[in-house]
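One-letter residues, chain by chain:
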Amino acid sequence: MAVVVARPNLRWYEKLYLPNIAAGLAITFRHFTKMIFGRTKVTMQYPEEKWDAHLPDYYRGTPALVRDVSGRIRCVACQLCEFICPPRAIKITPGELPDGDKFKKVEKYPNEFDIDMIRCIYCGMCEEVCPEQAIYLRKDYAVTGFTREDMVHHKEKLLEIGGVMHGVVLKWNERK
Amino acid sequence: MIPPFLFWTFALLLLVFGAAVVLNRNPIASALSLVISFIALSALFMSLDAFFIGIMQVLVYAGAVMVLFLFIIMLLDLRAEERRKINVVATTGGALVALAFFAQLYLVIGQLRIASQPFAPLPPKTDDVRNVGALLFSNFNLPFQIIGVLVLVATVGVIVLSKRELR
Amino acid sequence: MDYAYIGISFAKIAGLLPVVLGIMNYSVYAERRISAFIQDRPGPNRVGPFGLLQPIADAAKFLLKEDFTPAHVNKFYYWLAPCLAMIPAILTLAVVPFGSTLFGVPMVIADINVGVLFVFAIASLGVYGIVIAGWSSNSKYPFLGGIRSSSQMLSYELALGLAVIPVFLVVGKLRLTEIVRYQIEHGWMIAPFAGDWANVGKWLLALPMLISFVVFTIAIFAETNRLPFDLPEAETELVGGYHTEYGSMKFGLFFLGEYIAMITGSAIIVTLFLGGWHLPVPSWHGGFHWALIDGSRGVLAGLFNIFIFFAKIAVLLFFFMWVRWSLPRFRYDQLMRLGWIWIFEIALVNIFLTAVILAFVKL
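Protein chains in written order, with numbering that gives the first Met the number 0: chain Z, 0 to 175; chain P, 0 to 166; chain U, 0 to 362.
There's no promise every hint is true.
Which stretches of chain Z does chain U cover? Using the computed rule of at least three CB atoms under 8 Å from a CB of chain U, they are [stated by the list, open to error]:
(1) 37-47
(2) 96-107
With a cut-off of at most 16 Å between alpha-carbon atoms, the simulated EDC-like pairs for lysine to aspartate or glutamate come out as follows [said to hold, decoys possible]:
(3) Lys138/Z - Glu106/Z
(4) Lys172/U - Glu184/U
(5) Lys40/Z - Glu184/U
(6) Lys172/U - Asp126/P
(7) Lys154/Z - Asp115/Z
(8) Lys33/Z - Asp39/U
(9) Lys172/U - Asp127/P
(10) Lys107/Z - Asp139/Z
Just a few of them, taken from the derived set where beta-carbon distance is under 10 Å, the chain U residues facing chain Z [as the list claims (entries may be wrong)]:
(11) Arg40
(12) Pro41
(13) Thr216
(14) Ser247
(15) Trp321
(16) Trp324
(17) Glu344
None of these hints come from the bench; they were simulated from the model. All of these numbers come straight from a predicted model, not from anything done at the bench. Here a beta-carbon is modelled for each residue, glycine too, at the ideal position from N, C-alpha and C.
Could you put together the complete structure from these sequences and hints?
So this is what it looks like as structure tokens:
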């Protein structure tokens, strides 16, 4: 239904528009001078200023694999994260631990662990689902690359981002 | 005065683009050629120190009249002109008439006594704007006013006609 | 026609053109910075200190982009149009006195006795670039933009011409250097009473001069297609207007042509109403008076005059940009109404007003 809006009945000085134009110009000039004298807060100037120090603990950046205190990869290639991942960004090729490793008979091991960062949506489901607390969302957010291949994080890259996690859940070790 | 080569340059431009007005099949190209010939003509006026007439040539004809011409040509989008075949008989006839006219002009002007005499030099500091203005408002005041009224009548007439068409 | 005169003229052109082109480039930068400041943003500040090298980056971008010609355009006119948009704007500067004298040479390239008419004549040629661009692009939006532009420029040219007639009535000359000379002797056109405070007639004269100034400035806004009169390239309705089909440096020429037109427009306003290169300097040497600094006082003074001229232009350019980022665009019928019913009539009445004042009031 059409709504008829009544035209405002302007006085003669309002019809001149000049006072209002002057008022508008004054407003913009006020903004201009405020900006010149640095009294306006502006957007963070990204590469020079970063908010890394103010990131909250629950910030969800790039997913990464972590090692435990003894330096072993915590991931056991159970592939739960691969199944839960909504955009199917994770691809795991499970394998066996190298010969001579004493956990060879009890654990699997990820031969390859790729996360396609073009697909990743930073939802954190992989972190939530992981029974071994092996995958965590870190605080890195600047993921760049020139090609699609560059944007795939391989196992080495993931471990490098992840670092060492002093976790509560202990993996299968001598004491178990 | 300007060097002769400038005179010949502008005269040549004037003639070439004047011919292009007639010869071009595309109306837009014709109109633009006419603009260029106007500008060359104004350059010739200026070379005679007649700045006012030269400038008026550009201001009125090239700047205002031809813009309106162009405007109307574009709005009408005259494509038919490009497709029309050249009528050989009419073209030759027209060319002959034009040639005869030029021959006559040449003969008549050649016989005039003024043409063979050099012009009396103008006083060095002529303010042509002031002279034109003074002449218009003294010797030619009545014709000037009448022309003004005539133009006003034409303007009013155009407005009346266009208003009637709208209704 | 002596060769020294030609050489000096070439030297003046060679000196003026880089300055104007530099101002043009930096006015693009200034436009972006000022618009940003008005909108509480920092604006381009990446390239060089405070982003001051941004114009160079822009120029490099324009030049390195692919020079694409669409298949459906009318090739010859498509290529001709950007040049036609740029050239008249630069040509206008030929008659504007941009300084007093330098080494005894008057700082104006062509001091012709119909200076202002020359400006109008050349400015009226500027519409061709836009009309031809709109027509040769063979597409709807540019065509509409071209048509709007030509009718807008024709409408406002009248107001432009009528607005300066009061100035001529007062000065009695069309030569721009004479107008500047008059303003030096009798006070600037927007303040004709300056230096002669007790004269009532001059205070009366200030009113038509002020009206003239306002009308002329508005008409210049319309002639240069600046907001609030940028109907020919109204983005929201016409995509890009007459330059929709243009890219790379050909678009750049249109874009920079607009800024050159702004600079020349400001130069004309400065010359006609704001005293040209003149700036009165207070002097206490032998009692207080306003000293005139011009080229007769040495090279530095001559350069100072040129600087003053361009500083005045810069202030006007700031005003242009300030208005652009404050006011919304007019609707097309409003634009035509304003031009024909208000601005035109005000300019006309203003001429009579000036004539009456000049005839009956002793100045």
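Provide an ascending list of the numbers of those earlier hints which the structure does not satisfy.
-> Violated hints (numbers, rising): 2, 3, 5, 10, 13, 14, 17; every other hint is consistent with the structure.
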